[in-house]
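Respectively, the protein sequence lines represent chains E and G.
Each residue of the first sequence is one higher than the one before, starting from 1004 at the first, in the working numbering.
Each residue of the second sequence is one higher than the one before, starting from 1004 at the first, in the working numbering.
Wrong hints could be hidden among the right ones.
Since the list can't tell identical chains apart, any single copy or any two copies may satisfy a pair.
[Said to hold, decoys possible] Calculated lysine to aspartate or glutamate pairs in the DMTMM-like style (CA-CA distance at most 25 Å, straight line):
1) LYS1027 x GLU1177
2) LYS1286 x GLU1035
3) LYS1139 x GLU1128
4) LYS1027 x ASP1160
5) LYS1304 x ASP1129
6) LYS1139 x GLU1276
7) LYS1066 x GLU1277
8) LYS1139 x GLU1169
9) LYS1027 x GLU1171
10) LYS1231 x ASP1129
11) LYS1066 x GLU1177
12) LYS1016 x GLU1260
13) LYS1255 x GLU1012
14) LYS1042 x ASP1089
15) LYS1005 x ASP1089
16) LYS1163 x GLU1035
17) LYS1280 x ASP1315
18) LYS1163 x ASP1307
Honestly, the hints are just simulated from the structure, not real lab data.
2 protein chains.
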Amino acid sequence: MKKLLAYAESVRKDIDNLIFELLKGQPQELYEASMHLLKAGGKRLRPVLLLAIAKGYGLDEEKALPAAAAVELLHNFTLVHDDIMDRDMFRRNVPTVHSIWGEALAILAGDLLFSKAFEAIMMLEDRGVRHDLVVKAAKKLAWASTTVAEGQALDMDFEKRNDVTEQEYMIMIEKKTAALFKASAEIGAIIAGAGDEEIEYIGEFARNTGIAFQIIDDILGITADESKLGKPVFSDIREGKRTILVIYTLSKLNDKERSEFLSILGNRNATLEELRKAAEMIKSSGAIDYAKSIAKDYVSKAIDYLEKTSIDKGIAEMLREFAEYIVEREK
Amino acid sequence: MKKLLAYAESVRKDIDNLIFELLKGQPQELYEASMHLLKAGGKRLRPVLLLAIAKGYGLDEEKALPAAAAVELLHNFTLVHDDIMDRDMFRRNVPTVHSIWGEALAILAGDLLFSKAFEAIMMLEDRGVRHDLVVKAAKKLAWASTTVAEGQALDMDFEKRNDVTEQEYMIMIEKKTAALFKASAEIGAIIAGAGDEEIEYIGEFARNTGIAFQIIDDILGITADESKLGKPVFSDIREGKRTILVIYTLSKLNDKERSEFLSILGNRNATLEELRKAAEMIKSSGAIDYAKSIAKDYVSKAIDYLEKTSIDKGIAEMLREFAEYIVEREK
Chain E
1004 MKKLLAYAES VRKDIDNLIF ELLKGQPQEL YEASMHLLKA GGKRLRPVLL
1054 LAIAKGYGLD EEKALPAAAA VELLHNFTLV HDDIMDRDMF RRNVPTVHSI
1104 WGEALAILAG DLLFSKAFEA IMMLEDRGVR HDLVVKAAKK LAWASTTVAE
1154 GQALDMDFEK RNDVTEQEYM IMIEKKTAAL FKASAEIGAI IAGAGDEEIE
1204 YIGEFARNTG IAFQIIDDIL GITADESKLG KPVFSDIREG KRTILVIYTL
1254 SKLNDKERSE FLSILGNRNA TLEELRKAAE MIKSSGAIDY AKSIAKDYVS
1304 KAIDYLEKTS IDKGIAEMLR EFAEYIVERE K
Chain G
1004 MKKLLAYAES VRKDIDNLIF ELLKGQPQEL YEASMHLLKA GGKRLRPVLL
1054 LAIAKGYGLD EEKALPAAAA VELLHNFTLV HDDIMDRDMF RRNVPTVHSI
1104 WGEALAILAG DLLFSKAFEA IMMLEDRGVR HDLVVKAAKK LAWASTTVAE
1154 GQALDMDFEK RNDVTEQEYM IMIEKKTAAL FKASAEIGAI IAGAGDEEIE
1204 YIGEFARNTG IAFQIIDDIL GITADESKLG KPVFSDIREG KRTILVIYTL
1254 SKLNDKERSE FLSILGNRNA TLEELRKAAE MIKSSGAIDY AKSIAKDYVS
1304 KAIDYLEKTS IDKGIAEMLR EFAEYIVERE K
């Protein structure tokens, strides 16, 4: 963890400086709304991953920075829009964009972040990255944004269904979360001029890490300390998200318990007591341990792929820490 | 008009085929929602403009098609999101996306169109356009999407104000509407390998045409036949849009009339009778003739720029028709 944290610390300011440079503009209200979540915090996992990989294949961080800014901007665009769709009122310990500025401006603030992500990636050209590599990187970014939208559509659709399978859940989180991890890693490798096999392996490393990340995210939504999480715990239950925990729990309940559980799941008017009850049913089903073991399996797979790459050894060590951090984190 | 119409007719199928090819995917509901407005119609002005210009500078339409699809996808993305923000229920004679699928899926359908616009422009590479030109074109597309978002933010902000000036209105429509016309024209010239001066002149042609287009759009919102317009007339009045007509009318009214006019403007509960009354006040103020003369001035400016270019003469003739059509159209 120490190497990773030190590295993340060392590049964070550069990432943020470029992002906030890109988010200077008029009208002021729109740009303020766009910056809101970025200013509130966030771990910058995707840009750190991208920069580390670019460096591991021999590219200066300075040249890779626009791509790092791009993936973080894209990520924040999805957060702003998802919060509207999911009616989430808090994130990163602050009110969400739409709960401050209203839905109309929040839609637009998200759109602006999306647009700025593509402005950012095109800035690779100005830092001397080869044109063909800029195009290849931008294609990955567009692929990721399409895939994330598909994943979010599945996630919303699943809320209406009681027969979502674990396999369907895995496909959904692969699109909604793992795709942008994968694209971030691949873009880092691409712009450094890595070969196709290296790009594939490092992409698989990140894809598997991303899947583990989302599973742990779903666990933290039930178990985490609210102030560390930055948003209300149990919101997944209230919104009726079909997480791996819910799918596992449903498979373990008898008919009576199942109907009680389902009466709380997705009920926007559920009391805190009811939400706690549903969370208890999840915990006592063994779903948490089950999900954590699956997440660990994905981290193992990720590390297997990492070992197939010929990335710089010091960076590989850091990426291993990155994947391990994913399952150990508390927020 | 005849040359332009024949040309638009000849390329429309190719544009649409590529767009609908790009909009094949899962989940089905998301992709259906994304295609909805595109299937409902639309004039395809921006892609036709782009293709004509690319051709006028010597590039095969076949090679330019991905860029044409990109600008139309981007345009439709803005329509889907704007309809949510403006709470518009009809467009192109069909219910808007959010009024069929709900706001959450409509946000996502717009996001998907946005993403597909960038996927499309990157496909220029696959058709043999030089990498540096693909990057230059994609930069213009990103610039346009940022600028359109800024324009929409101004448009919404103006609804809350009674002191919007004609100059502010011009800046707003330049961003909201003219920017994408400009980018479409510039992209056409860029990918054909035109020089910077040509790109600038043809961009100015399209920018001025785009300004005229929006002014006429605002006039049609008051005067047009509802079935031709494809959406309720007077919706601009109901939404409180500060169009050039409204700004001009406000400058001509006495205090009593002004307060009556403002009581209707932006009142979502205004009766049809009240909306007609406000429209009458606009018409009798002379605003329509005033706005039309301004639009014509912009078309003249556009044509001046067109004449500075060295684009193919046949295409120049068609582009002149294009600009003249803008002010003569009835929908």
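Do the hints match the structure? See the list:
1. In this assembly of identical chains, LYS1027 and GLU1177 lie within 25 Å of each other by CA distance solely across copies; the values are 19 Å between and 33 Å within a copy.
2. In this assembly of identical chains, LYS1286 and GLU1035 lie within 25 Å of each other by CA distance neither inside one copy nor across copies; the values are 40 Å within and 39 Å between.
3. For the homomeric pair LYS1139 and GLU1128, the shortest alpha-carbon distances inside one copy (12 Å) and between copies (9 Å) are both at most 25 Å.
4. In this assembly of identical chains, the alpha carbons of LYS1027 and ASP1160 lie at most 25 Å apart only when taken from different copies (18 Å versus 36 Å within one copy).
5. Within a single copy, LYS1304 and ASP1129 get their C-alpha atoms no closer than 37 Å, and across copies no closer than 33 Å, so neither meets the 25 Å cut-off.
6. Within a single copy, LYS1139 and GLU1276 get their C-alpha atoms no closer than 51 Å, and across copies no closer than 57 Å, so neither meets the 25 Å cut-off.
7. Taking CA atoms no more than 25 Å apart as the test, LYS1066 paired with GLU1277 passes in neither setting, with 51 Å inside one copy and 59 Å between copies.
8. Neither within a single protomer nor between protomers do LYS1139 and GLU1169 lie at most 25 Å apart by alpha-carbon distance, with minima of 33 Å and 44 Å respectively.
9. In this assembly of identical chains, the alpha carbons of LYS1027 and GLU1171 lie at most 25 Å apart only when taken from different copies (20 Å versus 41 Å within one copy).
10. Taking identical chains as interchangeable, the C-alpha atoms of LYS1231 and ASP1129 are never at most 25 Å apart, the minima being 39 Å within one chain and 47 Å between chains.
11. Taking the shortest Cα distances, LYS1066 and GLU1177 never come within 25 Å of each other, neither inside one copy (29 Å) nor across copies (34 Å).
12. In this homomeric assembly, LYS1016 and GLU1260 never come within 25 Å of each other (Cα to Cα): the closest approach is 50 Å inside a single copy and 56 Å across copies.
13. Proximity of LYS1255 to GLU1012 under the C-alpha cut-off of 25 Å is found in neither arrangement, the shortest distances being 43 Å within a copy and 60 Å between copies.
14. For a Cα distance limit of 25 Å, the shortest separation of LYS1042 from ASP1089 inside one copy, 21 Å, qualifies, whereas the shortest one across copies, 28 Å, does not.
15. Taking the shortest alpha-carbon separations for LYS1005 and ASP1089, neither the intra-copy value of 35 Å nor the inter-copy value of 50 Å comes in at or below 25 Å.
16. Taking the shortest Cα distances, LYS1163 and GLU1035 sit within 25 Å of each other only across copies (19 Å), while inside one copy they are farther apart (34 Å).
17. Proximity of LYS1280 to ASP1315 under the C-alpha cut-off of 25 Å is found in neither arrangement, the shortest distances being 49 Å within a copy and 73 Å between copies.
18. Proximity of LYS1163 to ASP1307 under the C-alpha cut-off of 25 Å is found in neither arrangement, the shortest distances being 37 Å within a copy and 58 Å between copies.
When each numbered hint is compared with the structure, violations occur for hints 2, 5, 6, 7, 8, 10, 11, 12, 13, 15, 17, 18.
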